[in-house]
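In the order they appear, the protein sequences are chains D and E.
Start counting the first sequence at 37; every next residue gets the next number (the numbering used here).
Start counting the second sequence at 37; every next residue gets the next number (the numbering used here).
Hints listed in this document are in silico derivations from the structure and should not be mistaken for laboratory results.
Treat the hints with care, as some may be off.
Using C-beta positions, here's what the derived DEER-type ranges look like [claimed, not checked]:
(1) E:229 x D:201: 25 to 31 angstroms
(2) E:129 x D:248: 18 to 24 angstroms
(3) E:132 x D:56: 43 to 49 angstroms
(4) E:235 x D:56: 36 to 42 angstroms
(5) E:235 x D:243: 55 to 61 angstroms
(6) E:270 x D:228: 37 to 43 angstroms
(7) D:229 x E:131: 20 to 26 angstroms
(8) D:277 x E:93: 38 to 44 angstroms
Just so you know, these numbers come straight off a predicted model, no measurement behind them.
Yeah, the Cβ is synthetic: ideal placement off N, Cα and C, and Gly gets one too.
2 protein chains.
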Amino acid sequence: MNPTIDILNAHRSVRTFTADPVPAEHLEAAVHAGQMASTSSAVQAYCAIDITDADTRREIAELSGGQAQVESAPTFLLVCADTRRHRLAAIDANQPHDTRLEAFLIAAIDASLFAQNVVVAFESMGYGICYIGGIRNDLPRLDALLGLPEGVYPLFGLCVGTPAARDGATPLQRPRLPLGAVLMQDRYHDDETMRAHMQDYDDGYREYLRERGVKDSQLAAAWSPRMAEYHRVPRRPALAEHYISKGARLD
Amino acid sequence: MNPTIDILNAHRSVRTFTADPVPAEHLEAAVHAGQMASTSSAVQAYCAIDITDADTRREIAELSGGQAQVESAPTFLLVCADTRRHRLAAIDANQPHDTRLEAFLIAAIDASLFAQNVVVAFESMGYGICYIGGIRNDLPRLDALLGLPEGVYPLFGLCVGTPAARDGATPLQRPRLPLGAVLMQDRYHDDETMRAHMQDYDDGYREYLRERGVKDSQLAAAWSPRMAEYHRVPRRPALAEHYISKGARLD
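Next comes chain D alone, as it looks inside the complex (with noise of 0.2 angstroms):
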């Protein structure tokens, strides 16, 4: 269609980099990117801590549940939901400072929208990324490590670094559902409607697990049955509590 959007086609998340650091200029053109996303009424509600510090990398990715990538990146951004400086303002007008869910929900969205501004200013440049939502594994060891005041809500990491060519392949690109299962018009689909296009997800899920060689007798876990095994049980039980203690109202 155009360059862009082949840009936004192309993404693949990177987890193997080579060892080229990502210069100042290209991480604050990134940055800067991000901050051009729209944000609600213009609280700009987001950070981003570029942790350089080889310890803090090691604990990070520990807590993150192992992930290498996150000390091996050449660079690692934590990116969070941020009311500190709402707070600050607050404070300094000798205000009440009095939110609801609708502050942490805005807060989150601005992130969210930043951090992929961010991701395409990066990938536009040729680095790869991988986001790590790994983080929120354990937010008071994170919290504890980093020294986050009240108002800073770790939502995700980024790795951004120069992809390595990994056993001289791309890697293969995860396939998303049909466009009409996300695409609708007016209403909702009915239930019917949706499964057909899960099934249909779910077959083609199954030859993308084929060509990366997964065994036939694990075919089974297509899309589905992966979601279904994903949600039975609540993950990180501990996340409301966490931020509730660092000021977040989520009701």
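Using the hints provided, position chain E relative to the given structure of chain D.
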């Protein structure tokens, strides 16, 4: 830096559009590019509902606080955090679907990364967009209008169309926080450092207001005082209750 970063940096919210429709192939290309954004463990917890019905548009414009562009935009998409497919997968696998805040947060993040890619794709094709958070003003009414099932949580709208020349000029770009306020290294800023960034920003923000023709007497309303005022009382206090009534857990 490069043409894609130029597109990211040129973003402005566009609220007046020409009558030219958005062809289906452009909408589909943008949504496809949205789907290629990162998604946590491939959950793809989002949907976009293309609202074409004029009466529905009028009601959404009204409940969003009288935002005329919701009615007048050639295309209006409602973007939802969407866990419906996971629920169907759980039912079909005869497994419990048991989630906490993590699942809701992942869906909100996933939907935001998706939407920002959709936006970048549209802007790369020459369209203008604006996000509409105002749809969260009255989610029970929106739900009744659209018949959204359990597990589908509306987040924001997206107006899309060809920008109309407004008074022959491009709308001014609202300045963002200084880069140093949102990009930090290894530690979060102490309060005095952050306050210095906020002071710099407020000075620049007053200049921007002056250029927009805001009267001198109102220039006190720079960013920090506006943020203090914005969060003085809770916004959209019924939000959590509605999402919970639709099946979300926020604890």
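Open item on the list: Let me make sure I understand: some of the numbered hints might not hold for this structure. Which ones are they, in numerical order?
Closed with: 1
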